[in-house]
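S.K.: Read off the chains here:
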Amino acid sequence: MNTLREAKVGQNLRVVKIHGDGAVKRRIMDMGITKGIELHVRKVAPLGDPVEVTVRNYELTIRRSDAEIIQTEVV
Amino acid sequence: MEFLANNWGSLLVGAILLVVVGSIVLRQIKNHKQGKSSCGRGCSNCPMEGKCHK
Amino acid sequence: MRIKIALAGNPNSGKTTLFNALTGSNQFVGNWPGVTVEKKEGGLKGHKDVTLTDLPGIYSLSPYTLEEVVARNYLLKEKPDAILNIVDGTNLERNLYLTTQLLELGIPVVVAVNMMDVVNKNGDKIHVKKLAEELGCEVVEISALKGTGIKEAANRAVALAEQKKAMKSVHTFSSRIEEALNAIEAKLPDSVPEEQRRFFAIKLFERDDKVKEQLKPVPDVEDIVTAAEEELDDDSESIITNERYTFISSIITDCYTKKSKNKQTISDKIDRIVTNRWLALPIFAVVMFVVYFVSVTTVGTILTDWTNDGLFGDGWHLLDIGAAEYADASDAYSLERTKIDAYLAAAEESGIDVEAVTEALDPETENPDASAVTAFEEEAAAAGIEGTAEIYNDEGEIEETFPVSLEDFQTAAQAEEPDPANYGVWVPGLPGLIKSGLESINCAPWLEGLILDGIVAGVGAVLGFVPQMLVLFIFLAFLESCGYMARIAFIMDRIFRKFGLSGKSFIPMLIGTGCGIPGVMASRTIENERDRRMTIMTTTFIPCGAKLPIIALIAGALFHNAWWVAPSAYFVGIAAIVVSGIILKKTKMFSGEPAPFVMELPAYHWPTVGNVLRSMWERGWSFIKKAGTVILLSTIFIWFVSNFGVVDGQFQMVEDLSDGLLAVIGRFIAPIFSPLGWGEWRASVAAITGLVAKENVVGTFGILYGFAEVAENGWEIWGTLSSSFTGLSAYSFLVFNLLCAPCFAAMGAIKREMNSAKWFWFAIGYQTIFAYLVSMCVYQIGMLVTAGSFGVATVISLIVLVAFFYLLFRPYKESQRLEKEVRV
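So the protein lines, in turn, are chains A, B and C. Just so you know, we're using the numbering used here here: the first sequence kicks off at 50 and counts up by one. Just so you know, we're using the numbering used here here: the second sequence kicks off at 8 and counts up by one. Just so you know, we're using the numbering used here here: the third sequence kicks off at 2 and counts up by one.
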């Protein structure tokens with residue numbers, strides 16, 4: 050299973066599913082990361098954390114622990 | 008009278024000092040009452056820009 | 002008839018700017034009851050009787066963060082007459098997500114699309130009419146920053162409020178969901194007003210537990226919800242979230258046209274290196290090192306030497322005119338003095354009494370006794386004294402020796418000390434000028450003392466560091482405006498996260514390098530309460546501008562400008578923040594709610610020279626102003642208290658400062674600081690005066706160590722100071738002052754931001770105790786390592802060290818749900 054955690058700079062991904070439940074999942078979805086949406090990976094910080102993606106036309110920074118639950122596939 | 012003549016220098020300096028100190032104190036109190044910023048800067052260049060005080 | 006309008010929107014959507022623009026100075030800032038979330042209310046300008054309430058920045062009306070719950074409780078209970086929803090035009094989709102929720106509340110909504118100036122600059126287009134149609138509400142374009150459109154937006158909101166018509170949301174979800182929602186709506190108690198029924202239905206569908214508190218009795222809709230979940234293979238919350246975004250996606254193509262998709266800009270290319278996985282932290286360390294090294298230790302020192310020696314010292318040659326000649330004459334004179342000393346030493350060794358002649362030849366002696374010199378010369382001639390002069394080089398090694406005969410001595414004795422004023426253009430230093438001025442008008446000696454040894458000494462010492470501060474400020478201003486500092490927040494996030502803060506907490510610390518007060522206040526941008534408190538507590542660990550003189554002084558006078566001292570102060574601050582964060586996060590009072598991290602990195606841009614200079618000047622000027630006010634008053638006070646005391650049963654002015662009142666108090670306090678290596682009254686007193694303003698530490702030293710009595714060569718300025726401290730005790734002193742509680746003004750800011758006396762005292766106490774323990778460990782363990790000294794304090798320090806490590810590395814777990822009770 051590929052998640053956002055393994056993402057590399059420059060990749061275009063599509064969100065397959067968001068795992069888990071509760072506040073973190075809700076928060077990620079509130080930010081616009083929902084099933085089927087496209088993400089473009091802009092930056093990966095030192096130690097892989099956090100990751101900056103372009104989603105719904107804006108740049109969002111996501112922590113590694115949050116990125117783990119976002120299942121993706123390469124577009 | 009003699010005292011004044013002999014010590015006019017000190018009295019002058021002392022008076023100046025009192026005026027300076029007094030005005031500083033008064034200005035600080037006035038600033039405080041108005042709730043002016045204690046960081047002493049103008050807002051235009053500060054990253055906080057207008058967010059910290061009225 | 003009071004109209005209430007609520008201002009709602011995402012964080013960083015420009016809500017605060019809009020609020021300020023609409024209310025001007027008619028604001029009232031406080032806190033929502035029982036929580037640390039800020040509540041801002043104000044009167045709308047240009048309208049009578051309209052109150053604008055600024056709700057906390059939120060991404061949605063979910064029940065997970067304090068801000069969200071506070072906002073929606075307000076909207077449901079207080080029922081404002083209209084909502085002004087501010088939407089960031091450069092981030093439309095995500096912002097509209099909240100909008101869809103606000104539209105369901107039944108309250109009339111006006112959407113104000115902000116940052117239109119940026120949108121237009123990017124060449125993007127927003128089709129406002131279409132958007133209004135699709136959303137079913139009014140939409141206005143504004144730029145809160147430029148001030149365009151805001152009056153119209155406010156007027157529309159007021160108009161809607163006056164109409165008192167309830168709003169019905171037009172957006173619908175997929176039919177399957179609508180089916181479920183209708184079923185739930187039917188089950189709602191009649192007490193729920195018509196316009197809010199949809200909202201409650203949706204919340205119940207999401208199993209929102211906070212809403213249950215407001216619905217009594219709570220209808221049982223579990224079957225409906227579970228059925229939908231099974232059919233759509235997802236949990237109900239996600240279903241609704243998806244539905245909202247699906248709706249937004251469906252309308253966005255009609256309403257929004259983006260100009261181009263620029264995948265890799267120049268900023269991105271720079272970032273590939275600067276925020277690179279491996280290089281980013283080392284690059285940051287090097288950058289900050291260079292900043293501090295150059296400002297304090299190199300460029301800054303050159304300038305400060307001039308201020309200390311020249312402006313506040315004897316004087317200086319204007320533009321160095323005559324400086325070279327004077328230097329030559331001075332060197333020649335020194336050579337003659339060396340010969341004299343050598344000869345006198347030889348004479349003394351042979352048993353001749355040289356006391357009288359030494360005093361006669363001393364340049365400081367007012368009326369030298371020429372007969373003493375003649376008498377000595379006769380004696381020396383009779384004894385056939387020959388001296389040997391030794392010339393030392395900079396490293397203290399003997400460079401050259403030569404004999405000194407009686408003739409050499411006689412010639413040398415005639416030599417006159419060169420007066421710098423005779424060479425080129427000499428500008429005498431301030432103390433000299435003031436002194437002669439005061440003497441010429443026969444000013445009383447005590448008053449003269451107050452001015453010279455008190456004010457000039459104290460304030461002068463502080464002002465002496467202005468050049469270094471200006472250099473530092475230029476650097477910081479540059480880094481800020483070019484956008485580099487924002488990247489640091491991004492990079493540091495991982496590290497900050499490790500101890501419970503987010504990269505967003507870095508911004509206050511960044512501001513804190515100038516002054517801690519706006520730094521503490523900048524913590525307001527952090528929504529998470531726990532993070533905010535922790536940030537407030539640790540922001541003042543970063544050396545602020547006022548602490549710079551202390552750093553520069555210790556680095557200069559006590560470490561002879563060793564290259565590592567000044568930058569180390571900065572890193573000590575960062576380390577303190579990191580360590581505190583980790584330790585505190587693991588304690589019960591800070592563990593808690595989950596927090597999202599959203600950060601927008603602005604593009605890099607070449608800062609304008611004007612901006613950088615202005616920023617530097619502003620900070621520098623505020624520092625100078627402070628010197629002329631707070632510090633001036635402090636030095637007067639300190640001078641009085643140190644120069645007056647009880648001598649022989651009488652309260653009068655003292656000869657020796659160690660007899661003064663301040664010294665007495667100081668000696669009483671000093672033992673507290675002896676485990677730290679500087680349990681001496683002057684140092685203790687200086688640290689205490691630092692509570693009023695950190696610069697006072699230097700100012701107090703200036704008075705107590707006689708800054709105004711400047712010696713001949715540069716380094717001796719603080720000569721007496723260096724005799725009171727060892728390298729280790731000096732560093733311990735530096736660390737203590739860096740980390741302990743900040744100045745009164747900053748403490749005031751902490752108190753205001755914490756909005757709770759308990760938290761305020763906790764913060765101050767924590768900082769001071771932390772500072773004490775760290776400096777103690779530095780000194781004690783340093784002594785153990787360098788001198789092998791061992792005592793009770795060493796043992797305590799070792800225990801403290803072990804405890805530190807334990808608190809740092811023990812395991813920890815973060816909780817998932819919001820535990821707090823919220824009443825509005």
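You may find that some hints are simply not true.
As the list claims (entries may be wrong) - Once the Cα atoms are required to be at most 27 Å apart in a straight line, the calculated DSSO-like pairs of lysine-lysine come out as:
| no. | chain 1 | residue 1 | chain 2 | residue 2 |
| --- | --- | --- | --- | --- |
| 1 | C | LYS126 | C | LYS165 |
| 2 | C | LYS213 | C | LYS40 |
| 3 | A | LYS74 | C | LYS213 |
| 4 | A | LYS57 | C | LYS759 |
| 5 | C | LYS188 | B | LYS40 |
| 6 | C | LYS270 | A | LYS57 |
| 7 | C | LYS169 | C | LYS217 |
| 8 | C | LYS49 | C | LYS5 |
| 9 | C | LYS41 | B | LYS37 |
| 10 | C | LYS41 | C | LYS165 |
| 11 | C | LYS80 | B | LYS40 |
| 12 | C | LYS40 | B | LYS40 |
| 13 | C | LYS169 | C | LYS80 |
| 14 | C | LYS626 | B | LYS37 |
| 15 | B | LYS40 | C | LYS217 |
| 16 | C | LYS166 | C | LYS131 |
| 17 | C | LYS759 | B | LYS40 |
| 18 | A | LYS74 | C | LYS759 |
| 19 | C | LYS131 | C | LYS78 |
| 20 | C | LYS587 | A | LYS74 |
| 21 | C | LYS259 | C | LYS80 |
| 22 | B | LYS40 | C | LYS46 |
| 23 | A | LYS84 | C | LYS80 |
| 24 | C | LYS270 | B | LYS37 |
Since the hints were made in silico from the structure, they are not lab data. Predicted model only: the values in this text are computed from it and were never measured.
S.K.: Could you tell me which of the hints above the structure violates, numbers in ascending order?
M.R.: Of the numbered hints given earlier, those the structure breaks are 1, 4, 5, 11, 15, 18, 19, 21, 23, 24, listed in rising order.
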